[in-house]
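For the record, the sequence lines run as chains C and P.
Here this note's numbering is used: the first residue of the first sequence is 1, the next is one more, and so on.
Here this note's numbering is used: the first residue of the second sequence is 1, the next is one more, and so on.
Derived by calculation from the structure, the hints in this document are not laboratory data.
Fair warning: there could be bad hints in the mix.
[Said to hold, decoys possible] Derived pair list, reagent style EDC-like, types lysine to aspartate or glutamate, alpha-carbon separation capped at 16 Å:
#	chain 1	residue 1	chain 2	residue 2
1	C	K319	C	D285
2	P	K274	P	D251
3	C	K69	P	D251
4	C	K274	C	D85
5	C	K234	C	E254
6	P	K69	C	D183
There are 2 protein chains.
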Amino acid sequence: MGRMALHRLVIVGGGFGGLVAARALRRATLDITLIDRRNFHLFQPLLYQVATGGLSPANIAAPLRAILKRQTNARVLLAEARGFDPVNRRVHLADGHLDYDSLVVATGARSNYFGHDTWEHAAPGLKSLEDATEIRRRVFSAFEQAERETDRARARARLTFVVIGAGPTGVELAGALAEISRDTLRNDFRRINPADASILLVDMSERILPSFPPELSEKAAAALRALGVIIRCKTAVQNITPEHVLLKADDHTEQVFAHTTLWAAGVAASPLGKALADATGAHVDRAGRVIVEPNLTLKGHPEIFVIGDLAHCVTGDGKPLPGVATVAMQQGHYVARVLEARINGDAEAKPFVYKDPGSMATIGRKAGIVHIGKWCYSGYFAWLTWLFVHLIKLMEFHNRVLVLFQWAWSYFTFNRSARLITGEAQSGDHAPKELPHH
Amino acid sequence: MGRMALHRLVIVGGGFGGLVAARALRRATLDITLIDRRNFHLFQPLLYQVATGGLSPANIAAPLRAILKRQTNARVLLAEARGFDPVNRRVHLADGHLDYDSLVVATGARSNYFGHDTWEHAAPGLKSLEDATEIRRRVFSAFEQAERETDRARARARLTFVVIGAGPTGVELAGALAEISRDTLRNDFRRINPADASILLVDMSERILPSFPPELSEKAAAALRALGVIIRCKTAVQNITPEHVLLKADDHTEQVFAHTTLWAAGVAASPLGKALADATGAHVDRAGRVIVEPNLTLKGHPEIFVIGDLAHCVTGDGKPLPGVATVAMQQGHYVARVLEARINGDAEAKPFVYKDPGSMATIGRKAGIVHIGKWCYSGYFAWLTWLFVHLIKLMEFHNRVLVLFQWAWSYFTFNRSARLITGEAQSGDHAPKELPHH
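Kindly produce the complete structure, drawing on both the sequences and the hints.
So this is what it looks like as structure tokens:
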């Protein structure tokens, strides 16, 4: 009706990258469509808290529509992207299609079992809310099953937890599991002592948290050991079944009988990366990430941006950027600036540069490690820094007051109130036995 | 070793009745085992808040072990009771058995489709946390699907919600659905207006909330109508499919095209009631509830108590007691007193008498009705009463501060932050279509 057709931007994926790009364009004269398979943005850095019963799913997820409610130039579509037609500038959905003038693909990563796909069932990864509630179910069911187990070896296997991968997620999971068994469940059982649980943290590297300076790795390892976590570095995983994990260090192998194994060892890009590369002639790296130009577009397709965990983006030192939220968010802001410059007819922006704001990890409720520029510190103050930074980040989306409150509550009561076993039980969850009274 | 064998009490079911019985016996010299299939106690009166995204599952559920943590004469077993052997005083479990000296069966009720079991899939009831998250998924998915629907009739069907049964649960669900469409989702969509949603509340009775005095029913109906709910009384349901509901009033039938139908029309006792009756020679009523003696035991089995929604307990006026939490809780206390008297060799307690503390219901966030003795009132103050009473009740278990906080938050922000669509999507959730830009 006389109104000029607006430039249509389609953003695929409502994670940190896609959502920040959409929000940063809130004053731009654009027609933005954000597509996601889920109706919520997930604050992934706190997913381990849901997996261990400390927070509820809704504490770390905010409806995308609520976030973009007042942004009139954006709409949200609950839809699944399946492929791309870059010639006709069209996204294929599971149930339709969508035309674009510019495209941002930010569909992230998922757990990667390096070809051992049969391990997935025995050792779930932690990428979605469903993963988190499934892990929560397994962890708390394991203690319940141990309480009913009369065979000592079987009871011990049910009280053995193996976390594979000692990056921040694996370290945080292992720390939380140790806390659960030492503090949260104290006095809850009558036949077993939850503190007898064994928690193993396994990694191929020389040390845990290899992306941190060695002295911080050492502090983190000490904090984990103080909580009772057994650390196995330079150790490879040879096999995982629902009953055991086969480890190999140097020349000897070890069979660990464990009913609960969690996978935090690696991620691969969403399969849409490969689909996009095939359609555009771009290349993907070994993890399936799309190799992007310095301005985060694809060669020959300045209208297509790939950001976040899906992008393989090399900066000055030749190494690809890590798959962390801060990279995705800075890339989202960058894409917004490039698009605004194009709409306004300004000069094209300079190549993307990542400003590392530092990294941190937490170990249980009392210790953390922080690495910001030249600063390295650990202990209780690092834990407080971690808490503060995550609350501030969460605040950009929502729910921060509730989460702060829930945390304060958990902290002072030692109670993980969200430790519900929900969803379908799996066969074999219960071992038959007599039940002598205590 | 030299300690006299304690009297073994087995309580089957960790709902209001079973849990109160266990707690009331905390100072008794007994060996208590509480069995439940789930690891948590569920505060059912607030389940509709989870189904409509206002609260998280963990806000209304507390781990049974946490509640009984410090009660050293009690233990909790995560197990499924399957049957009873009253001669040998033994409970059969899915995976073992358990011997008792006294038994309390309090396994509650589930949704009852009055023989139309095929309706269950099309119209889920609201008895478990899984029911609630499934209803939440359906409700919020319906708006998402309507946003993508190009056919007007189909879009209208997706924005039509039918609640069957106008007791407190049905009224509270309908009120919450009206609020979601009028307030919560305002501005969230670009093509549909959520306020166009139709919400029908259907009941066979002459009026909604038939257990309340007529003037309160009328006030509640007026409050629902003010929120835009369409009330159909004296209306029977003839059929339910995933696409439509067939209603019959007087002599004419009406086909309502609705993709979301919720069942709040009736409950039947847990099948363990029938199993217990068969084993003991007791009788069940039409809803499968076990008919109990005035002291809540079974004839010929003074050691077996049945309480809560599973019991058919007749008092002075000849009518069975309603299936509400207050009945179950008073019965739990009563059973504890009877058992303590027996252990202490005191005279057997007098028959159980229910002291009706009154009843109340809430309609959305501004109205309620309260009926306490001779008092009847409605409106905002009734809503506050409802809130206060439920918080106090919840407080006996846990989590009250968090829930108060979450409610205050929701109340002042009009935001239902727990409106996550989780779990498996079902086939047919998405209708294929083109997606014109707005």
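Checklist entry - So which of those numbered hints doesn't the model satisfy? => result Hints 2 and 3 are the ones this structure does not satisfy, whereas the remaining hints hold.
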